[in-house]
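Once you've looked at the hints, dock chain B against the given chain A.
Residues per chain, in single letters:
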Amino acid sequence: MKKSTKAIIGSLAGLALAIGTSVPASAHTGINYYAVNKSKTANSINFAQLLASCSVGTSGATCTISKGKTATRTISLSLGASRGVIASQLGISADTSVSVSTSCTSPVMSAGQVWKAYPVGDRWSYRIHKRTTVYNNQGFVQSTTNEYSAYLSAFNPYSASIHCRL
Amino acid sequence: MGIVIAGALSGCSPAADPNACDPDASTYIDKSLEDFASCVQDDTTLIIQDASPRVGEAASFRDGDGERGRWIVVASCSNDEDWRLATVVEVAVIPTPHVSGEADFGDAVVCDW
Chain A
155 MKKSTKAIIG SLAGLALAIG TSVPASAHTG INYYAVNKSK TANSINFAQL LASCSVGTSG
215 ATCTISKGKT ATRTISLSLG ASRGVIASQL GISADTSVSV STSCTSPVMS AGQVWKAYPV
275 GDRWSYRIHK RTTVYNNQGF VQSTTNEYSA YLSAFNPYSA SIHCRL
Chain B
27 MGIVIAGALS GCSPAADPNA CDPDASTYID KSLEDFASCV QDDTTLIIQD ASPRVGEAAS
87 FRDGDGERGR WIVVASCSND EDWRLATVVE VAVIPTPHVS GEADFGDAVV CDW
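Residue numbers (this note's numbering), protein chains in the order written: chain A, 155 to 320; chain B, 27 to 139.
Mixed in with the good hints, there may be bad ones.
Cross-link-like lysine to any residue pairs, in silico, SDA-like; alpha carbons within 20 angstroms at most [to be verified]:
hint: 1; chain 1: A; residue 1: K270; chain 2: B; residue 2: S86
hint: 2; chain 1: A; residue 1: K270; chain 2: B; residue 2: D138
hint: 3; chain 1: B; residue 1: K57; chain 2: B; residue 2: D130
hint: 4; chain 1: A; residue 1: K270; chain 2: A; residue 2: S255
hint: 5; chain 1: A; residue 1: K270; chain 2: B; residue 2: D130
hint: 6; chain 1: A; residue 1: K270; chain 2: B; residue 2: K57
hint: 7; chain 1: A; residue 1: K270; chain 2: B; residue 2: C103
hint: 8; chain 1: A; residue 1: K284; chain 2: A; residue 2: S297
hint: 9; chain 1: A; residue 1: K270; chain 2: B; residue 2: V136
hint: 10; chain 1: A; residue 1: K270; chain 2: B; residue 2: W139
hint: 11; chain 1: A; residue 1: K270; chain 2: B; residue 2: D69
hint: 12; chain 1: A; residue 1: K270; chain 2: B; residue 2: C137
hint: 13; chain 1: A; residue 1: K270; chain 2: A; residue 2: F201
Hints listed in this document are in silico derivations from the structure and should not be mistaken for laboratory results.
The structure displayed is predicted, hence computed values, not measured ones.
Isolated chain A (complex conformation) (with noise of 0.2 angstroms):
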């Protein structure tokens, strides 16, 4: 079970205070990161990530994207936080890049037309919470601050699915 630092001070304390020696605490400020107001769209497409694209050499012929193309994970920050900590937040990985693997195939094509892959994911939109907490000597909370950032979103690609359009 997880103890808070401030509990275990105060343990010490008395203890210290039973055998008749005292047990000195420093000061010092705790910083914690938490996503708040989170919401999740499934199935989301990111026309700003353009994992491939074709072109046809034969007008009447299709074109198919297939095998590996590779999405990116993006998780937007602030306020000092780190991608680990929001990522693990948002329940995603924190791993920037994802392999997807799926093909399509495009409809039949004319010169000058381009038929372009887009990764496909849940996009999250999140604020984050700043919370700083500053502990005196003795281990007490001697003061507490609260921040928040603007909303921010992140961009969580799946494996197995793309959208491909003209």
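Frame of chain A, contents of chain B only:
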């Protein structure tokens, strides 16, 4: 405007062994797309051009299990000197029983990257 959301292909192919494949991609002309594609790395983007109109057929290629075996390679290009290790490989195909000698496929691939 055509729009497709593709699902996962069934099955899982093993990683390609580049040393098991000919470094000269032109040796795969008139060979099956299945053989050619097996030499492409799993993380490589493979672009397949259905060049059927050049042999008088309507384009009909649909990627999937078993489909690649009945299509043959007529042209290819890649973004790396060694096509087996490229990150993008483009290939033009026609259906069997047609063969590459039936038309000029010199510009069947675009290689625009």
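Checked against the structure, which of the hints given earlier come out wrong?
-> Failing hints, ascending: 5 and 6.
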